[in-house]
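Novice: If you want the building blocks of each chain, they are given just below.
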Amino acid sequence: MTVTPQAGVAARSANLKVSPRSEGYVSMVWRRFRRHPGAIAGSIILTLIVLSLILVGFSPYDPDASNMAARLQPPSLAHPMGTDALGRDYLTRVLYGGRVSFSVGVMVVAITLLIGVNVGALTGYFRGWLDTVLMRLTDAFLTLPAFLILILLGAILREIELPIFERNNVVTIALVIGLLTWMTFARLTRAAILTLREMEYVTASQSLGASSFQVVFGHILPNMIGLLVVEATLELGYAIIEESGLSFLGFGIQPPTPSWGNLLSNASEHFVKHPWLAIFPGLMIFLTIISVNYIGDGLRDAFDPYKVLKKVGQV
Amino acid sequence: MGQYVARRLLQAVLLLFILSIVMFALVNLAPGGPLAGHGQTRHVRAERVAILKRQFGLDKPLPTQYLIWLVGNDWMRVDLDGDGVPDEYGTRKGVIRGDFGFSFRTRNPVWVEISLRLPNTIYLMTITLLVALVIAIPVGILSAVKQYSTFDIAMTTFSFAGQAIPEFWLGLVLILIFYAWLKNPFTGEPLLPAGGMYSLGGEFSLQDRIVHLILPVTAGALGWIAWYSRFLRSSMLDVLHQDYLRTARAKGLDERRVVFIHGLRNALIPLVTMFALDVPYVITGAVFIETIFSWPGMGRLYYQSAMQRDYPVLMAILVISGALMILSNLLADLLYGFLDPRIRYD
Chain G
1 MTVTPQAGVA ARSANLKVSP RSEGYVSMVW RRFRRHPGAI AGSIILTLIV LSLILVGFSP
61 YDPDASNMAA RLQPPSLAHP MGTDALGRDY LTRVLYGGRV SFSVGVMVVA ITLLIGVNVG
121 ALTGYFRGWL DTVLMRLTDA FLTLPAFLIL ILLGAILREI ELPIFERNNV VTIALVIGLL
181 TWMTFARLTR AAILTLREME YVTASQSLGA SSFQVVFGHI LPNMIGLLVV EATLELGYAI
241 IEESGLSFLG FGIQPPTPSW GNLLSNASEH FVKHPWLAIF PGLMIFLTII SVNYIGDGLR
301 DAFDPYKVLK KVGQV
Chain R
316 MGQYVARRLL QAVLLLFILS IVMFALVNLA PGGPLAGHGQ TRHVRAERVA ILKRQFGLDK
376 PLPTQYLIWL VGNDWMRVDL DGDGVPDEYG TRKGVIRGDF GFSFRTRNPV WVEISLRLPN
436 TIYLMTITLL VALVIAIPVG ILSAVKQYST FDIAMTTFSF AGQAIPEFWL GLVLILIFYA
496 WLKNPFTGEP LLPAGGMYSL GGEFSLQDRI VHLILPVTAG ALGWIAWYSR FLRSSMLDVL
556 HQDYLRTARA KGLDERRVVF IHGLRNALIP LVTMFALDVP YVITGAVFIE TIFSWPGMGR
616 LYYQSAMQRD YPVLMAILVI SGALMILSNL LADLLYGFLD PRIRYD
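Protein chains in written order, with the working numbering: chain G, 1 to 315; chain R, 316 to 661.
Since the hints were made in silico from the structure, they are not lab data. Possibly wrong hints are sitting among the right ones.
Said to hold, decoys possible - Computed from the model, here is a short list of chain G residues facing chain R with C-beta under 7 Å:
1. MET135
2. LEU137
3. ALA140
4. THR143
5. PRO145
6. ALA146
7. LEU148
8. ILE151
9. SER244
10. PHE248
11. VAL272
12. PRO275
13. ALA278
14. PHE286
15. ILE290
16. ASN293
Stated by the list, open to error - Under 7 Å between C-beta atoms, here's a sample of chain R residues computed to sit facing chain G:
17. VAL328
18. LEU330
19. PHE332
20. LEU344
21. ASN435
22. ALA479
23. PRO481
24. LEU487
25. LEU491
26. ALA495
27. LEU633
28. SER636
29. MET640
30. ILE641
Everything numeric in this text was worked out from a predicted model, so none of it was measured. From the three backbone atoms N, C-alpha and C, an ideal C-beta is built for every residue, glycine too.
The following block holds chain G by itself, in its conformation from the complex (with noise of 0.2 Å):
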């Protein structure tokens, strides 16, 4: 029996359809994830870490009424973590400092993955002399003393009373940071659309008279997503500590408002005849930290971004 060709090719696609499904994109990061025993730890920690800021608004104990009776006394089976020098449950205190490092952190998130997304995008597809300019220009972010000028900018800021930004406020602290951090996402998003623009899909949707923008934020964007999660997850570590040392320093986030950094600062006055004070909100910070940096392991090992761009030699 003679097969034609197109018999063939019909005989092909019908055998495609009826063989198993290939295991999807999600599916398959979720098992390569799951073999790194340190990103699981990590999840679990975190997980119970956001928890905890969440359920903290059921405390029986209110985060900023003093109650001097009660106060520096050392953990106990009622304070967990003790009371401060004022009589305030340190463990509710502690947990309303962590949602505001966590809001810091993740509004930093959104601030760099805004700004860098879009440079990286517009200097690499772009390219020209909008290139040339958005790139030194992130050159010279890169070459800036960043802590220093974190600093500086606290202690001008926080003499400032404006109606979004009065005196360090959250919003004010996420924006300082994000706008002296971006820089990583932007390199990032360049080098990966420099290596995905050339693919024949992009060159496909062109011909078919897609946008620019369709082009950059419906094709390419989504496949360089596993390398921006990476990012955006050890970036909410870095900007956690970035906020909790600025805030230790005095030019963070400003008391009564807690911050595990201005807790820390505070406890920093009489640590040593009550060390409870010193311990438990760096415990968080480091438990917070080393828990997202072994969820952005996990996450690199399991979406193997790098993969993309290390056929091109762009990293």
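Use these hints to put chain R onto chain G, whose structure you have.
Specialist: Frame of chain G, contents of chain R only:
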């Protein structure tokens, strides 16, 4: 090559110039200007503040102030007694002639303030970085050579922990353990001092100096050890899988020679350039470590100046560290090309 360096240096000067304008504007954005602190906290009368403003030249428009900061004021008459009438030619030479002006806090020239702190920072940071490298390099090599061994897993875990511990918390915990809790069994004194460079009032003694170094160096070096060892491990692993290493083994070289002569030399190239990027910290210091351990260095000077709005000092440190960052970036690029001849500049 020469052309490349010249172009990069020109770009660096331009970048620093723009940077200094931006930072000058930022510094003067503060409500009420740099003297806002006077007149409120110290109960200085408003007329007195006005006189101070004229004496510091703060009554002039911002562009003029910037010009004076940059090139000095010896070409114009300045108001020495603050009565609103210009008296004599100024004496400031401006930043381009190496004059950063006077500290608001101490009224000393900024250079005097910096030269008092700089040696202390270089002393602390050099030792911290050396300790970090001396520990991180063997750890990194051994981790890579014995990949997935117990040692490697332990060190990788340690490295994750070391990178996640905030420096400022580590400092406090170290003080708790070695100053508050552990006591010298013979004298009953705290085992290690909680801060300072040496014991006050005592004679110079090497032992006293070393004892004061232990905690700040430990707190400062841990993060660097974690980072450098992990970095060296991964660059060593890259090298160990290269063809030329297989060739070296095939020639019959013994494993030690393969690892240290053929492997390590190539694996160190990225580490050296990484290290070049960290050199500015030897000058600008570590803000957290110096603040926590009351170390009279540049980082603490910056912190104190930010607290007390000593803007001339802040500007000076920012410009110096900006210049150092730019130079160390250039140095890192050049080193990379020097160590790896495959790299070409254009």
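Novice: Indicate, hint by hint, whether the structure satisfies it.
Specialist: Hints and how they fare:
| no. | hint | result |
| --- | --- | --- |
| 1 | MET135 | 12 Å, violated |
| 2 | LEU137 | 10 Å, violated |
| 3 | ALA140 | 6 Å, holds |
| 4 | THR143 | 5 Å, holds |
| 5 | PRO145 | 4 Å, holds |
| 6 | ALA146 | 9 Å, violated |
| 7 | LEU148 | 6 Å, holds |
| 8 | ILE151 | 5 Å, holds |
| 9 | SER244 | 6 Å, holds |
| 10 | PHE248 | 5 Å, holds |
| 11 | VAL272 | 4 Å, holds |
| 12 | PRO275 | 5 Å, holds |
| 13 | ALA278 | 5 Å, holds |
| 14 | PHE286 | 6 Å, holds |
| 15 | ILE290 | 4 Å, holds |
| 16 | ASN293 | 6 Å, holds |
| 17 | VAL328 | 13 Å, violated |
| 18 | LEU330 | 6 Å, holds |
| 19 | PHE332 | 12 Å, violated |
| 20 | LEU344 | 6 Å, holds |
| 21 | ASN435 | 18 Å, violated |
| 22 | ALA479 | 4 Å, holds |
| 23 | PRO481 | 5 Å, holds |
| 24 | LEU487 | 5 Å, holds |
| 25 | LEU491 | 5 Å, holds |
| 26 | ALA495 | 4 Å, holds |
| 27 | LEU633 | 6 Å, holds |
| 28 | SER636 | 4 Å, holds |
| 29 | MET640 | 5 Å, holds |
| 30 | ILE641 | 5 Å, holds |
Hint compliance for this structure: hints 1, 2, 6, 17, 19 and 21 are broken, all remaining hints hold.
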